[in-house]
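A.B. asks: Line by line, the protein sequences give chains S and L.
Numbering (numbering that gives the first Met the number 0) for the first sequence: 0 to 306.
Numbering (numbering that gives the first Met the number 0) for the second sequence: 0 to 81.
If you are wondering where the hints come from, they were derived from the structure by calculation, not from laboratory data.
Predicted model only: the values in this text are computed from it and were never measured.
Note that beta-carbon positions come from the ideal geometry of N, C-alpha and C, so glycine has one too.
Which residues of chain L face chain S? A partial, calculated answer using Cβ under 8 Å:
| # | residue |
| --- | --- |
| 1 | Gly14 |
| 2 | Ser36 |
| 3 | Arg37 |
| 4 | Glu38 |
Far from chain L, some chain S residues (derived; all Cβ distances over 10 Å):
| # | residue |
| --- | --- |
| 5 | Lys23 |
| 6 | Lys33 |
| 7 | Trp47 |
| 8 | Arg58 |
| 9 | Ala76 |
| 10 | Asp79 |
| 11 | Thr116 |
| 12 | Gly127 |
| 13 | Ser194 |
| 14 | Lys196 |
| 15 | Arg249 |
Label pairs and their calculated CB-CB ranges:
| # | chain 1 | residue 1 | chain 2 | residue 2 | range |
| --- | --- | --- | --- | --- | --- |
| 16 | S | Asn98 | L | Glu42 | 34 to 40 Å |
| 17 | L | Val56 | S | Asp294 | 28 to 34 Å |
| 18 | S | Asn235 | L | Tyr30 | 20 to 26 Å |
| 19 | L | Lys64 | S | Gly89 | 45 to 51 Å |
| 20 | L | Lys64 | S | Glu299 | 19 to 25 Å |
| 21 | L | Leu61 | S | Asn98 | 47 to 53 Å |
| 22 | S | Trp138 | L | Ala46 | 48 to 54 Å |
| 23 | L | Thr32 | S | Trp221 | 35 to 41 Å |
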Amino acid sequence: MSFKGVMRPGHAAIRVLDMQESVKYYVERIGLIKTDEDDQGRVYLKAWDEHDRFSIVLREADSPGIDHMAFKVYSTADLDEFEGKLNDYGQNVERIPANELKGCGERVRFDSPSGHTFELYAEKEVLGNGLGRKNPDPWPEGLKGMQVYRFDHCLLYGSNSKGTVDIFREVLGFDLTEEVVSPEGDRIAAFLSCSNKAHDLAILEYAEPGKLHHVSFMLMSWEEVLRAADIMGMHNISIDIGPTRHGITRGRTIYFFDPSGNRNEVFCGDYTWYPDHGPITWNAEELGKAIFYHDRKLNENFLTVVT
Amino acid sequence: MEQLGRKEIPVGCRGGGCGVCRVQVLDGGEYHTGKMSREQISEDDEAKGICLACKLVPDSDLQLKVVGKWQNQFVTSTSSKN
Ligand SMILES: [Fe+2]
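Sequences and hints are given; from them, build the entire structure.
C.D. replies: See below:
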């Protein structure tokens, strides 16, 4: 972890049932900024404190879910190196040409045992965060809704999750920060970091491949999480659970759903990860507390409601 | 119905995406639906009156049967989709 190699989650490509309704939701309620759209009808959005052109891409489709999750790597040399390593590891790897997503450089796409498609890229057009880099103000005026700061991580559900976790740890250099282990000793959930964050990606073992549990956006304080929940009340946004506390990552959180049923999260306040800390282990018997620290039990929906 | 505390139909995402609230409309009741995930409700399902309760708008009194998504698949269970 030195912010070379894989730096961060760069974007998530999300399928929605109704584009107009979804753009309104992500712009007016979540507070993303629409930066572009393309001739395929895909819409590009970014959170205000992100510098690159987009972090969420919406595509209208007949079923919701995630098309791919992409990570930004530090340099094109890193991109080439990871492409080679993924090939050597035996993944199906494909180069997607620059500007297939508008403003994004070449992407290296690879499949995974859990049925998810991931991508890496090194370059994306920089728009800045609206404050400039010379004597900047602390925040821009005119933000909307929950005013999220950035796209932060995804939790994905899939079968054979161990194989996917292995790719991220062995090929892409992610650290395992936390894990949930079954009584039989199998790891059923893994939290992975490529940075100083408690997680950049989490994967939970599930009977079906390729599922999305949630896309998460970062806020800075518990007060902001509460205010986000108020906005959900004002606009009858479907809330799953919260505001509450995660045991895993210690995040303060609320889960809710976009208009197509894709789960979203806004959260604040996980801890700072350093690679010499070593992973935290949760026993599956304590899974309730691990996920929802106050209720100490899982709501059924945590395990069944995915897109 | 959810606000009345009626628990017969499971509540999921409320957006037509997750399939948890699958129901079947019985005996030719009149209704229409909003957009639902094709992965959860096939054209066949629709022909049989199967839909997601969260996207179901009744146009007459309806009799519903809870069809439900497949069993909770967490960790151990196996099942094929539909
Ligand atoms: Fe999360």
